[in-house]
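2 protein chains.
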Amino acid sequence: MTEIASPLAGIFDHIEANRDAFVTRLMDYVRHPSISAHNQGIGEVAGMLVGFLRKLGMEAETVPTSGHPMVLGRRDVSPDKPTVLLYGHYDVQPPDPLELWTSPPFEPTIRDGRIYARGIGDNKGQHFAQLLALESHLAVTGDLPCNVLFLLEGEEEIGSPHIAEFVRAHADRLRADLVVTSDGPLHESGAPVVTFGVRGVAAFELRAKTASRDVHSGNFGGVVPNAVWTLVHLLATMKDEDGEITIEGLTEPVIPPTNLERDAVERLPLDLEAIKAELGLSRLDAPAGRGYFDRLMFHPTLTVNGFHGGYGGPGMKTVLPCEAFVKCDIRLVEPLTPDYVFDKVRAHVQKHAPEVEFVPLNGMLPSKTPMDSPFAEPIRRAVVAARGVEPLLYPTVGGSLPDYVFTKILGLPAFVIPYANADEANHAPNENLKIACFIDGIKTGAALLAELGALRR
Amino acid sequence: MTEIASPLAGIFDHIEANRDAFVTRLMDYVRHPSISAHNQGIGEVAGMLVGFLRKLGMEAETVPTSGHPMVLGRRDVSPDKPTVLLYGHYDVQPPDPLELWTSPPFEPTIRDGRIYARGIGDNKGQHFAQLLALESHLAVTGDLPCNVLFLLEGEEEIGSPHIAEFVRAHADRLRADLVVTSDGPLHESGAPVVTFGVRGVAAFELRAKTASRDVHSGNFGGVVPNAVWTLVHLLATMKDEDGEITIEGLTEPVIPPTNLERDAVERLPLDLEAIKAELGLSRLDAPAGRGYFDRLMFHPTLTVNGFHGGYGGPGMKTVLPCEAFVKCDIRLVEPLTPDYVFDKVRAHVQKHAPEVEFVPLNGMLPSKTPMDSPFAEPIRRAVVAARGVEPLLYPTVGGSLPDYVFTKILGLPAFVIPYANADEANHAPNENLKIACFIDGIKTGAALLAELGALRR
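Line by line, the protein sequences give chains A and B. Mapping to the UniProt record's numbering: the first sequence position 364 is 364, numbers consecutive. Mapping to the UniProt record's numbering: the second sequence position 423 is 423, numbers consecutive.
So that you can see chain A by itself, here it is in the shape it has in the complex:
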């Protein structure tokens, strides 16, 4: 610990001394739109990033994909040192609706200690902080403490359609010891967070057609099967009133949380009454006895995203609908895969309502890095060194991101260490990043490199 404390202190001093210059340079960066959904500015910003990386002494280039290019950079210092792959994305969400922005989305503006701009939090401010962490090491010590790979994607905001393909094709160039992503927010209390996993997802549609046309409920009620009832009864066999998924075989393989994961969850802050008040909930979803984080981390969930069939207008219409559909997603925990889940749902539908059409839609694998990974402790120490407080350790989060490309395709431990404030308003008007969060992010990135550099391979 002592051998890294000394250079880090100098690096932190350097970061503080360059605070205003770093902010100015970040504002220059986010001034350039790079909207993947509109294919706007992608090539220009990718080119800028290659320039930034080369200034850090990295080999850097854009690598084409079937979609927008990846930006890849590397700087090796020693085969005895670990290699960290820093992942981020340089594309941003479209800024609409423009009229709700206080200042224009691509004219970064500082108000009350925050920079307002599209992409400032998600994700430009965060990977720019990583870049500046490298730069600060180089400025103070003349070298990097460990080997560093940068992978910056240009399609994250449109669902990362090519990252798995890219990672498979370039696995040799992506050899590393761990992956660190800085994206998303700190805890709403401001506490730092380290996340070890994400849930996967398997989305599908169920379609019922019970007759060639809608009929009159008086003339045919009791005679013609009703497509809505068909789906209601099918759904009722898929999840019971107690909230348990009852699709045969689906939940059996689920790996229960480890003791480390359970301990971590017990240490997470939780204000259930505040959550219920904010969302207008009278109760949590079934099952009643399940812990809040258990619901989001350790169990698959079957959500009906939409159910539509028959008459939806005002008053009554005595129609018996012949067609209906539901859209569903199942959030996946280890070791569930979309293929496994689709097989189970297909078999369940075949058994309970063979006339219903099952249509698999998107899928994404879950990802989880063991909490006793040898990198967990250096990461924790880095956060403490940079911020002076212990990070909250999330075994996993409820949402789905393509982290599996790192853990499952590359076989690497992968961690998310977010830098943005919880109210960053990403994907929304007036996206912002607190300058303090940006500076703390640079320090966290710098401390992370230092901690990794203290490890031997």
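Calculated directly from the structure, the hints in this document are not laboratory data. Certain hints may be false.
Since the list gives no way to pick out one identical chain from another, each pair is judged satisfied if it fits inside one copy or across any two copies.
DSS-like mimics (lysine-lysine), calculated; alpha carbons at most 30 angstroms apart, straight line [to be verified]: (1) Lys55 with Lys408; (2) Lys351 with Lys276; (3) Lys81 with Lys408; (4) Lys408 with Lys209; (5) Lys55 with Lys81; (6) Lys317 with Lys408; (7) Lys209 with Lys317; (8) Lys209 with Lys276; (9) Lys317 with Lys81.
Chain B: place on chain A using the hints.
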């Protein structure tokens, strides 16, 4: 029998002799639009009818209601004779879409033995046939064989909103021994039909709101209750997979069919394969073992008319919907009433999903006249006399009409004796009435009066 056969033969001859004139007069009548939904031509046509009735020597007038007026006519011949109340409606459906009519809806046109015009079958041609039946009796014998009341409504096509109120207010003027309605179609084989009842209906909506806003299924799946799941599980408690309504207490009072009703049903023709082919059915609705007519006549049915909640667009959207609603109707058999059913559904919802809002909509009582009514046999004989074949006797039909105002408010037996061809296309473009059906209707009406006239009170 013999004393009525002779005058009837002369009356039938009169009808045949006046065939063309009757058709011309019917075409003149339907040329006048009387669209209740658009409040178009109502007063004019009601006035024409009063004129027609007065020419038959009836006391006739329009009687105001809170909506469109009723046309009421009466001619009493003897207190020793029964009084028949002939019900019909002079309003018609809107003719849209006009472009699908081969000839304009209010320019009656004969093609291939059919008159095409809006309202020709539903219901002007049918009550005009009843008028001509009276006229023919008067022309041949100089008198009517029984007392006759006419009640012609101007709001049937908008749901008869004021008929119950009217019948309650004018019960003294509507004293009769039976009610006969000529509306709807003959059997598709062309066979005549006599119907003794209708199912009632109770329509309602169920609304679920589980949170103050939709949330992301990843970030909140398993935590926030899903409005669609709430309604799915509630509905699944209301009707089981075997098709049985499981709302507590709802079906218990249902009166099973009488032996007469069961015998009548067994004599009804049924081509199940043709029905299945026409509607594209692979099977009838559950329960599997229930007879076709049992489904429509002797059991309540719970139809979901529509179910809507959450995302309905293309592809996937990982949303967890906080709002959803279903619209349902329950068809009622004796002795179920809308109030009884609403009470049972309300209590069921309160027990199984108290957070779901129950909203009662429209309701209509069922109606049934015993098949051993003393008027059943004279009616059967009248049909045979006019048409030479036995009528199909329907204990009840699946749909809902306000016949209860006659059976339950006035306490009268009520019968439906339809005159129109099965492919009359009522409520649709190219509505039509076969001239042969119109003429047979006049004869049936005439025979009915003769049969009733042979009875003593």
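Exercise for the section: List, from low to high, the hint numbers that the structure doesn't satisfy. Expected result: 1, 4 and 9
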